[in-house]
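If you follow the hints, you should be able to join the two separate chains into one complex; please do so.
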Amino acid sequence: MPEEFRVLAPLVVAALGTAAVAVLGAVRPRLAPPLAVATAALALSATLLMPAGGQVDLPWAPTWGLRLTFAADGLARLYALLATGVGLAVLTYAAGYMPLHAAHEGYPLSRTVRLYSLILLFMTAMLGLVLAQDLIVLIIFWDLTAITSYYLIGYEREQEASRRAALTALLVTGISAILLILAGVLLYTRFGTAQLPDILAQVQAGPFVTATGALIAVAALAKSAQVPLHFWLPQAMVAPTPVSAYLHSAAMVAAGVFLLGRVHPLLALSPGLQNVLLAGGFASMAIGGVLALAQREIKRLLAYSTIAQYGYVVVMLSLGAVEGAAYYILAHALIKSALFMSAGAVTEATGETDLDRLGGLARPLPLLAVGSGLAAAGLAALPLTMGFFKDEVFFAAASERGGLVSVLAVAGAVLSFAYTWRFWGGIFTGRLRSQVQRIPATLTLPVLVLGLLVMLGGIVPDPAASLAAAAGESMAERATPLELAYHLDLHAPTLMAVITWVLGIVAVLTAPRWTAAPRVVARIGERYGPDRGMFMGLVRLTTFSRRSRAFLEVRNLQWRIATVLVAAALVVGATIVLAPPWPTFRVGRLPTSDWPLFLFLLLAALSALVATRSAGRLILVLALSAVGYSLAAVFTFIGAPDVALVALLIETMMTLLLLAVLGLLPIGLARAPAEHEPHPGRRRAVGFITTAFVFVICWGVLSWPAPDAVMARAHLELAPAAHAADVVTAILADFRGLDTLGEITVIAIALLGALTFFVSRRSA
Amino acid sequence: MLLLLPLAITWFGAVALAPFDGRRRAVGVVAVGVMVAAFVALVRLGITVWTSGPVEMVAGDWPAGIGIRLRADGLGIAFALISLGVLLAALAYEVLGGVHERSLPSLVLFMSTGLTGVFLTADIFNFYVFFEIAMTASFVLATYGKQVGHLRAALTFMVVNLLGSVVFLAGVASLYHVTGTLDMDGVAERVNGAPTASVLLIAVLIFVAFGLKLGLFPFHSWVPLVYRDTWPAVAAMLSAALANIGSYGLLRFGAGLMPRELSLTASGLIVIGSLGILYGAIQAVSPRTAGEVIAWSSIGQVGYILVALGIGGPVGLTAAVLYSIINSLNKLVLFLAVGLRGWLVGAAFALAAFSVAGVPPSAGFFGKVAIFRAGADADRVPLLVLVVVGGALSLIYLFRIYQRDYWARNHAAPPSPLGARVLVLVLACGIVFIGLWPEPLLALSANAAAALTGGGS
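Line by line, the protein sequences give chains A and B.
Those letters in the first sequence? Residues 7 to 770, per the working numbering, in order.
Those letters in the second sequence? Residues 206 to 662, per the working numbering, in order.
Chain B with its partners taken away, still in its complex shape (with noise of 0.2 Å):
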């Protein structure tokens, strides 16, 4: 029932939501107020993972393997977390900012079930029907604004990535056929007595499908479009909640069901992931506005997490994890400041670039040094100087556009709602926060990295 709660809060709430005028402020902060309900229940549901160990159920009190599992384990937890975490916020973003559209509260709720289902999901056909649910949602979010260039990028967003969906739904159907299993366990448990080689190509297939909804070089190609032109808070649920259902399927299906197959193509891993962080941040060198500069940032941050998969182990995962969680925020804090004007937003703006950086204080320090640790640990030369590199980049390219927009032309516009702008301080400061406390999120990420090596929870 714990399990189910945060699922059935969302839905019911969305299902509920769907029928009334979004732009109504009520209807915003009754949706908002479902989604801290959710997040409750998530962390209630989080402190038994942690304390207890995991949380399962079979739907339909079937046994195991019969019918669909859920199961909360702490990498599940983690993402659930950050992913309605940033919906959250995103959410409110909008609701302080003024609605534009009637569906906006209801989707932002679907897309939230989904998100939920598709971390706390041990089925993985099932993982693929709370995948559509939010891809679906988040397709007709991308319209959000309606301007000729957000319906581009929308239907650009759709396009590809529903030719990901095809690829995945394909590796899910490979997978039944050489497992005779849809149950995580079942998988993982037969895949092995499977000839490498075919595993080999399924697993291709799924990096594929999971590279494409991440953003990863070199299947970008939708990438700095879609961020730059959708609505800043869409690009934000897009990018740091959306996006977490690629590295967390890449750290499911990887480590967890696939970890002979991981470790085959670890090299190839890191050797792609490398290539994102150089060409990410060489790409974000040359734009002149901040969004299109932050797009081409997220694709080399996304190769820092597949780098840190690739060198996995408990240190490699436990990076891989952290990566993933301050991306989120980093990329959630810099897309809601990019919608914005005023010295507040500037201010929140530089804290969450230095934490793209790896600056101190900041969670993102936290993220590169845990790079830095995996690196170290592997003893991969070339891969400290590539962090380095990528980092120096990194101050280049988020610095000159942070002085151009916020230093030398903050004058111009009018400022925005007092109530947006406060909001984005306040969660830049929480990423200030987290470098100086850093402590849930190290337990948080090592807790969850110790779930797919199977210690621990």
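Chain A on its own, in the form it takes in the complex (with noise of 0.2 Å):
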């Protein structure tokens, strides 16, 4: 038991940690950003605490065969650390930065409780998603971290930007997300189970698994942004910054690619998949190292680079090397959320976000920009940081395949290059163009540490690498070593950094020269790109909606009852012409002892046919009287003259009221013409249609001689039982009393209904 609390504890701590910022900050607003830091603190300290290879397995729903499992294996335990670690970088820094947000957004202090709440809520979804064993509940928290990025990115909802970036960013991950619920349903089916390692364990090749992978695969590529599911990412950088640094570039977007190391058995069970992703790395790759070219905004640069930088990742998993892909997210996190924390500091210091006016901030913020400048030495894979080994573990996997794929991954590389040195290099060097304000410490330090991991990482290289070797054995389920050193002979990984390096410091040299392209590209995107055919499609669709709507919408009493008649005949028709009822269909004799009957029911005929014409409402009400007593009389010839009886009763009943009621209406009121009539072809048309659907199942029904009425025999022997004198009484109230009692009731409800209707009527 202890141990396996142990393997649930960072999740524990992380969800109660939510609550208690969640109610304490309701209470007191200063208390928030202690507590989500010691929350934080606590979760990573009970994420290397975790028992390696530990487990937990409780019911959870039977009767869908469904467990609460949670396994803290290498992949977990990587995930959790970033998601801990960073995590508590992020908190400390959101900590010094939110206060000076808020003040010059000019909200009260209150409001900044519900980010961290959000963000510890994220991080426990986030742990929830890595350690889950049972798609189902994986798939719970990983729409989990997407409702949590959706309240985060519109943290500022008062603004129209935020709102639109919200939306956007729910909608490509929270559709994305149906079809991962359809794939974990069709393998749930399929399997009989929904835990992950049985499942694994039965795939074969074939449709269906290519299929379910494709679905998963879509999901995945939508949570990492990778190209065409990418644009909702540089949308999403309107949240406030530390948001940015955690969900949008370590956490919640690495989410996608660690759910396509989960199900890597399967999808490696299909070359034709493995091939998609293969393109739709490098289409992330190439398309977001541009656009991070063509970027003004810091944040919006750096937006792109994740999106390049998980195109990497993508590359690496279609290629095999899961513990490269493994080490190349742990290095991406730190670096990238490093990046953006700075980028934030940069902003609150001098209250610009675009490069074309930032520059020289190395002397006002040294130690921001040693910290920033460690993690962009990362991001741009030089040596003595754990960037240098990223794509080191990259380039190795490119060449073993060769060809244009190592030529790709160079280009690709290059482009990293360059726009790495264009963000710190613009911001941190050259001429000081704005005015510094003193910020935190709490701003710097966390940069800072995370700049010195990423070198430390590049010196001592085996921590991180152990890491990803266990992440990667878990993902193949094969031993998966990774030896990470400096070699100092020339093969092809180390020759493919130099060439980078060469052509990287060649592209920044002769930048000016190029500028305009990437710009170009990022205006064709514009006008022409997926986020652009997204917008577009809502409006149409709205479009197409109210049309249809205004062309196909009844809008007045006739219709409505019209349309719903005219259904039901369509309903029925179908059902004739599929299933021909005409065979059981009889035409029975009319002797002539029937012949009364009949004229009665003619008689019953015409008057309704009258009363469909008449124009003025007492020949209605007469008209209507005449088919009721028409009816009545009819039951005297089929010898039930006590119901006959009754329904005259009725009839001289209901007839003077109408007629009193007619007298209490206003005249005016009975000359006026009913509003927006049908026209009278389409009256009479939806008249004859009824008539016939009526007509045709009336004939059904009837054509099928009664069978022994059971019931009616039943109640006719009993009746001296009940102590009735006939049976109709006893029927009323003996056999079927509750339903005399249920039809007085429907009368008092009525009537207690008109009463208060009238009486609030006369008081208003």
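Just so you know, the hints here were simulated from the structure itself, not pulled from any lab data.
Each hint can be trusted.
Only some residues are given here: those of chain B computed to face chain A with a beta carbon under 8 Å:
1) Gly270
2) Thr361
3) Ala399
4) Pro400
5) Gly473
6) Ser491
Keep in mind that this is a model prediction, so the values were computed, not measured.
Where a beta carbon is used, it is the ideal one built from N, C-alpha and C, also for glycine.
Here it is as structure tokens:
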């Protein structure tokens, strides 16, 4: 039991911390930041204490065979470390950043509580996601990350840009998540279990696996902001910087590639899918890299860089280099969150977000420049940083495939080199162009710590490498050793790295000559890109919806009734066409003894016809009562005089009542023509169609002679036992007394309604 | 006796409260107390049903087939519980917010009697009688608020639904004609003796009637106007409690009484349901008020129930029951939230909206999973695509209106009474709770579906 608890400890700590921050923060907003940082620190230590290979298995929904299974395998440990470690850094940063930000934007400190609790909720979701071994549980946490991301992007909800960005992110990640749900259910239905290890042990290559793999891949690529579903990420940069540094660089976007890793054995069964992923990864590298070069706003530049960087990971995963991918994710998370936080610090210090108005900040902000510089060196893959190894594993995987893949890999890395310099060089070198305000140490410290970690990882590569190797092992289900060291001999990855640096330096030096090119690409993307496509799609959908409603939907009562009748007739018609009932339809004989009955029926029909054509209300009432009286007369002919008497009584009452009501109606109202009367031709058509379907049904039912009416016979036999003089009394008062009581209740309700209605009308 | 208790409590409560002025808080509180008592009695009955099988009795101690038989099985209990729960929540909401009309508490109690009776009777004519009690009470309730808009909506609701009642009564009469009995077991047994073509037409008649009650495409013409213009709590009662008659009726008369006809028309049901899902979702994209969006959304949502019914079998029927219950909960929270202002309400609306879209952790997620399961079981790929599209559209229409109503302009109106807001949020949290611990609901609906297919209770 204690070991089981140790697996769940980070999750539990984060969940409790979320609740604590939400509740205590609502009472005392100042408590929220320290509490959030403490929660993250506790969650981090709990993650470090997780027993390797520990597992928890609890029953959850036995009816569907779902279990709460969590396991601390290598992959889960790596991601849990990232989620809690980067989370701790970012929350520390947020404690310094949010008060400043709130003051700038002019809202009270109490509003920032929501941000802390949502970030912690996200951390909980992320931990649950990486630990889960049950597919349904995994999907639940997957969507929870999307929901928290939605609320964090829409944090400044008064601003239109925030709302739009939040909706875009929700639609892209939410709709793609439906595909994941579908894939999950398909696997669950096919293999009869939702346990991922059991499913992965059973899958075999084939169209089913390719299809589910494709569904999962779409969800994962949307989450990791891969082309063409990347456009939500740059928009998401409207969120406060801690959110961008955590969710939209290190954690949530990493969830996509996490999922690809989690189901790696399934994806590996389909070479076609692997190739599609490869192409998608390269496309993201290219488009993300080029567009990063076109951005002026520093956070958007980083967002495009993130798109490109996860492109690397997708490429590696599709090449089967799972341990390299794991290492890459770790390195990138540290680097990118440090860069985002330095971007936020720069903006708080200068009030600027635009590269054109920034520069020369190395002197006023030296520590930030160092921390950020170390991270940037990592992103540019310079030696003595983790970044060097991240590109080395990438190049190693690419050169194994060789040919075009190697060339593309180098090209992508050159782009990274160029935009990294554009970011760091643009901010910290050159002429100082803005006033600089003092910023609290909590804004610099996390950047510096992460920067130093990036450097440390480059000098002592083993701890990170062993983490990545363990993660790779749990993805590929085989041993995946990863040894990182500096080689002085000239093997392919080193050669590719050297080429990258040379080309990168050339690109940086020749920058003024080509800066226009990426902007052109960006402009084309704005006009024809998927972002625009989605926006136009929504606009078209709305227009279509409005027009179709105006065209199809009816607006007055008569037509509301008519559509129901016509729809019913259509259903009946379809039934008749598909299952012709004619053989069972019978035309009976009309014996002369039934002639009078027939005459009264004819009279009823004629009266009904008159009712439909009557102009005045008086004639209408009289015609309707004629229908009633004729039908009452019919009962006398079929040996039911008591029923006939009751019917007669009711008809008389109804007629008198209606006439009395007519007398009370104002004359003007009675003569006023009804509004929006349907066209007479259409009215006739509706009437005809309705009559036809009612006729067909009556005929169909009546053609079948009533069998032994057991109930009626029993009633007749048992009437004396009910101490009733006649069977009608027995039925009403005894056999079906409950019905009688019910009908009395109905009348009571109607009276109650009428009474209160008129009383309140009068008083009003 | 156990069986009569929930019915008797609400009926006597309604009669006793009828003379009193429901606008007084005490009367409202007593009515809520009566509902709670009835709910407890129903749970008590439910426990007996789940542990030791269906409970039944015949009114007047006559043998079955002569007197009216009442019967509580898993299906009936499931629907009675959710409907009574919805009515209880809606009544509590009105009492907390202040009742405007003297007859409201009594009418809600009458409606509870009617609904509970519908779900607990095993006699097709008695079904109609209880159905009429519930309908009549809801006709009066629909006028609640008494603005011109409310009255117009009430008139539409009344006229179109009376048409539905007539159609249903014709169906009941026809069933009696071909089987000679009103007892459900007798009908189910003897209906197979009649030629398929005739019974098929009766089945269509009953389908039309229940489709109309449920607000199913293409019998939905009354739905957008009525759900949009009636008072929010009333809209919640109509869409989340009364409409259950429709889904229950389809399940009971289709899968329970006429399974042969159901399987013959299964493809048709799936087609109609699919059209409804698409049509409702597309129409929900453009309206500018939350009430109307939800009204259209509900037309789409009931399409899923029909599709699940069409797929049939234990998996399909379970999905239909599950989806009906979850849909009721979602509609309850959404309609109640529409009537209020304040950020607590925004949170409640969002939680219910996530549930409608099937986004976890919410009850709606399991509804979607159940539908996907049914589709996957039946190997119907187009259906799976349709459910994905429907889910995507629901995300679009719900969150556009959510952002417009609760993010963009949340500051203007003063917040509503705290009690009502907290109630709505608690209900919404209930939806999330089910999403986190779905077992009771899954077991309940599996049990309900088993009651139809003959296995279990």
